[in-house]
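Residue numbers (my numbering), protein chains in the order written: chain A, 1 to 153; chain B, 1 to 416; chain C, 1 to 256.
Note that these hints are calculated values from the structure, not bench results. Be aware that a few hints might be false.
Not the full set, but computed from the structure, chain A residues with beta-carbon under 8 Å of chain C [to be verified]:
(1) LEU37
(2) TYR38
(3) ASN51
(4) LYS55
(5) ASP64
(6) ASP92
(7) ARG111
(8) ILE126
(9) GLY128
The beta-carbon is built from N, C-alpha and C at its ideal position, and this holds for glycine as well.
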Amino acid sequence: MYFLRPLMVFLGLAGLILVIRIILVPADFGIHEQGYLYGWYRKSNEQEWVNLAIKYQGRGYCQDCHGEPYKSILSSPHRGIECENCHGPAGDHPTNPLKLKKNTGRDLCLRCHSYLAYPTSKRSEIKGIDAEKHNPSGACASCHDAHKASKPG
Amino acid sequence: MVLEEIWTTKELFVYPNEYIYWSVQIVMYPFMTGLVAGAFVLSSLYHLWGIKQLREMAKFSLVFSFALLIVAPVPLLFHLMRPERNFYVFLTPHFTSAIASFGIVLFLYGSVVASEIWFVYRKYLVESSRKLKNLINKTLGQKIKYGLLTLLTLGAFDLSEAALRKDEKAIKILAGVGVPIACFLHGYAGFIFGSVKANALWMTPLMPVIFIMSAIVSGVALCMLTYIVIMEYKKFQSKKNQPFSPYFARNEIKGVEIQVVKITSKYLLVFLTFSLSLELLDLVFRGYTAVKSWDILRHVIYGKDFFNIFFLQYTLGSIVPFILLLIPGLTIRRAIMALLLVLFGVFMMRWNVVIGGQSFSLSFAGFMHYHLPLIPQDLATFKEGLSGALVIGGLPFFLFWLLSRIFPVFEGKEPL
Amino acid sequence: MLRRDFLRYLFKGLSLLTLGEGLKKIIWPISVNAALPPNRWLFLVDTYKCLGCGFCVQACKLENEIPVQANVSRTWVERYVVTPEGTLTDSPKEGREGFINNRVELAPGRYQNIPKEKIKKGFFVPKLCNQCEKPPCVQVCPVGATYKTGEGITLIDRKWCIGCGYCIMACPYGMRFFHPQYHVADKCNFCYHRIHKGIKPACVLACPTGARNIGNLRDPEDQVKKIIISQRVGILKGEYGTKPQVYYLGLSEEVR
Numbered sequence: 001m002y003f004l005r006p007l008m009v010f011l012g013l014a015g016l017i018l019v020i021r022i023i024l025v026p027a028d029f030g031i032h033e034q035g036y037l038y039g040w041y042r043k044s045n046e047q048e049w050v051n052l053a054i055k056y057q058g059r060g061y062c063q064d065c066h067g068e069p070y071k072s073i074l075s076s077p078h079r080g081i082e083c084e085n086c087h088g089p090a091g092d093h094p095t096n097p098l099k100l101k102k103n104t105g106r107d108l109c110l111r112c113h114s115y116l117a118y119p120t121s122k123r124s125e126i127k128g129i130d131a132e133k134h135n136p137s138g139a140c141a142s143c144h145d146a147h148k149a150s151k152p153g
Numbered sequence: 001m002v003l004e005e006i007w008t009t010k011e012l013f014v015y016p017n018e019y020i021y022w023s024v025q026i027v028m029y030p031f032m033t034g035l036v037a038g039a040f041v042l043s044s045l046y047h048l049w050g051i052k053q054l055r056e057m058a059k060f061s062l063v064f065s066f067a068l069l070i071v072a073p074v075p076l077l078f079h080l081m082r083p084e085r086n087f088y089v090f091l092t093p094h095f096t097s098a099i100a101s102f103g104i105v106l107f108l109y110g111s112v113v114a115s116e117i118w119f120v121y122r123k124y125l126v127e128s129s130r131k132l133k134n135l136i137n138k139t140l141g142q143k144i145k146y147g148l149l150t151l152l153t154l155g156a157f158d159l160s161e162a163a164l165r166k167d168e169k170a171i172k173i174l175a176g177v178g179v180p181i182a183c184f185l186h187g188y189a190g191f192i193f194g195s196v197k198a199n200a201l202w203m204t205p206l207m208p209v210i211f212i213m214s215a216i217v218s219g220v221a222l223c224m225l226t227y228i229v230i231m232e233y234k235k236f237q238s239k240k241n242q243p244f245s246p247y248f249a250r251n252e253i254k255g256v257e258i259q260v261v262k263i264t265s266k267y268l269l270v271f272l273t274f275s276l277s278l279e280l281l282d283l284v285f286r287g288y289t290a291v292k293s294w295d296i297l298r299h300v301i302y303g304k305d306f307f308n309i310f311f312l313q314y315t316l317g318s319i320v321p322f323i324l325l326l327i328p329g330l331t332i333r334r335a336i337m338a339l340l341l342v343l344f345g346v347f348m349m350r351w352n353v354v355i356g357g358q359s360f361s362l363s364f365a366g367f368m369h370y371h372l373p374l375i376p377q378d379l380a381t382f383k384e385g386l387s388g389a390l391v392i393g394g395l396p397f398f399l400f401w402l403l404s405r406i407f408p409v410f411e412g413k414e415p416l
Numbered sequence: 001m002l003r004r005d006f007l008r009y010l011f012k013g014l015s016l017l018t019l020g021e022g023l024k025k026i027i028w029p030i031s032v033n034a035a036l037p038p039n040r041w042l043f044l045v046d047t048y049k050c051l052g053c054g055f056c057v058q059a060c061k062l063e064n065e066i067p068v069q070a071n072v073s074r075t076w077v078e079r080y081v082v083t084p085e086g087t088l089t090d091s092p093k094e095g096r097e098g099f100i101n102n103r104v105e106l107a108p109g110r111y112q113n114i115p116k117e118k119i120k121k122g123f124f125v126p127k128l129c130n131q132c133e134k135p136p137c138v139q140v141c142p143v144g145a146t147y148k149t150g151e152g153i154t155l156i157d158r159k160w161c162i163g164c165g166y167c168i169m170a171c172p173y174g175m176r177f178f179h180p181q182y183h184v185a186d187k188c189n190f191c192y193h194r195i196h197k198g199i200k201p202a203c204v205l206a207c208p209t210g211a212r213n214i215g216n217l218r219d220p221e222d223q224v225k226k227i228i229i230s231q232r233v234g235i236l237k238g239e240y241g242t243k244p245q246v247y248y249l250g251l252s253e254e255v256r
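Given only the sequences and the hints, what does the whole structure look like? Please build it.
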């Protein structure tokens, strides 16, 4: 008679958890396309990720207002480099951010142009310098135009 | 700075996102659940298998197991990056993950232990409740106690012979059901590690079994240790109160104490043998098969962690207590030393698995070093540092003391 | 008598169950020709072309709001310098500032310069989440906070992740980490928000040499698909059975 009383208490607690579950678990949480093993989730999260703001617009976004450097870089060895790689993501420029930066630091150029003699890698095919020997204290932009990718002069 | 950078340093080639994510609290968690499982198995040795000499120990270890169980989830709460979402594991459990079964197992095991405690103490609860009921002018403390005790009786006031015999039967059934659940409670913790194929040190089917064996070792050792401490305290008390408590005659206590300790230590040795054999087996297999990960593991096991594994865990933590307990003429002092070493050894085993498994990079070409935060500088270094570990280490004793004020753990008069 | 009755009931019960299952299949057939998802994403990395410029890592962090100065990233670039004595590997600051000198980082603050004549091979390997077909990270999530979409991308639900770190421990490639601000798990998702609007992931856009490319198995004209089925490609850590969807050209045996 009374022996099952502890069992009743714990079944009651389990029942309580099941009821609370109905209230707290979002309705779209369940087994989706990939089955229980890989597809147990809240479906609306997919849309939440799609809604993330886009920061990098691609060079087509820059073309209309910045035609000069756009055309110049396209006919230079730097044609593979996106505008936003050096100037930062456009986002909603010019609304936000108002201005993008002009990065004239050496480290930006050294990413590719610090010469590394690595056989089998395209890195060794890129013209480069020894950063400690070639104009070690100056900015690369003082002699080179990045949009033309030319030697000084 | 990333949080985990506070206690991780890297050497040679380690993937950029690799840090020691599972730190001291994840060492504490299997340690605590191991104590839970071990204490329960010890109690079942009396209730289920009727080993009479363990009667004193049985009640005590059952309540201790419950106190430990309440503390067991705390290291996890300290570890979670979003502890306020901890109950999600009860809401949407993904049972393909070993951690998800935590909710079920905890609840189930908690129910079994709580029920068993209820049956063991039902007679006491009913008698105390009746005694308190008859008191005319109850103090506030007594009123609360009366209310609590009556609530806990769940209205089952039948104390006839038949009823008490049914109680015994229920205890036996619960002890029987509880042993595999206790094994599962700790086995699943071993499975959490053993099933991670990404981690070369953790991945082995032996992991759940090793964890269970060392869990039982630690639980038995802790119960024996606390038992000895309490018996010594009683001896000390009886020395002061000799004329008033003839039951607690010093020599009687002494005699009972050493007998119980001797018997229990035999069981401890059996499980210690199993535990040590399995761990050595795992090591021998790894060295023999020498798969891709063996190079870096060798550096960790025989180089970086050699002191932690072979000296602290195996020698100090297993072989020395083994010898100490086997030497004939076991004294209480020697037993205490052996038990402390055993507990230390089991803790080091958890440490060497959790931290050791993160000591090498997934690239197999680099190492990571763990620096346990000793002095808390903020909430994070408190939770995942020495202070957090100590809080969790001390909590079961405090809870046990609280519980023993409701459920007396020793034969005779009032609670502790 | 009792045994016969039992067997009779058993037979009846089993027949009913079988009939029920059969009826279910007739009335609600699992439609074999159900529409497949329109996209099935793949990725191709050409390690011959990678310069180690690190623009991809920077672009990824800015696009996906990972604090740039934090030492975690959804993608990174590794450098391998192979000498007769052995291979040295590093990935200083995940490669976000590029590799601007020949000094290989052995540990923070400790470098090793390698003389030019000793370098037999040198190359860069960009890495990102492999969006495995059988992701161990999804298998071990206790609450269903990480999952695979029908299109094969593994995502993380930031509102549901409890921060246990099991998925981070389970990934054999070390792709996952805790986001420094949100304190939940994070990883590359092939710029899910971009590919669903028909534009390329940030890292693919940023790469100046075309070392990184995203492909779609369902697109009959897809260039990446064509390369993968016609050229010699490799995958990372195939022995774990994860079935990664990122393929590599020029994968060498030194690559970790």
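What are the numbers of the hints the structure violates, in ascending order? 5, 6 and 9
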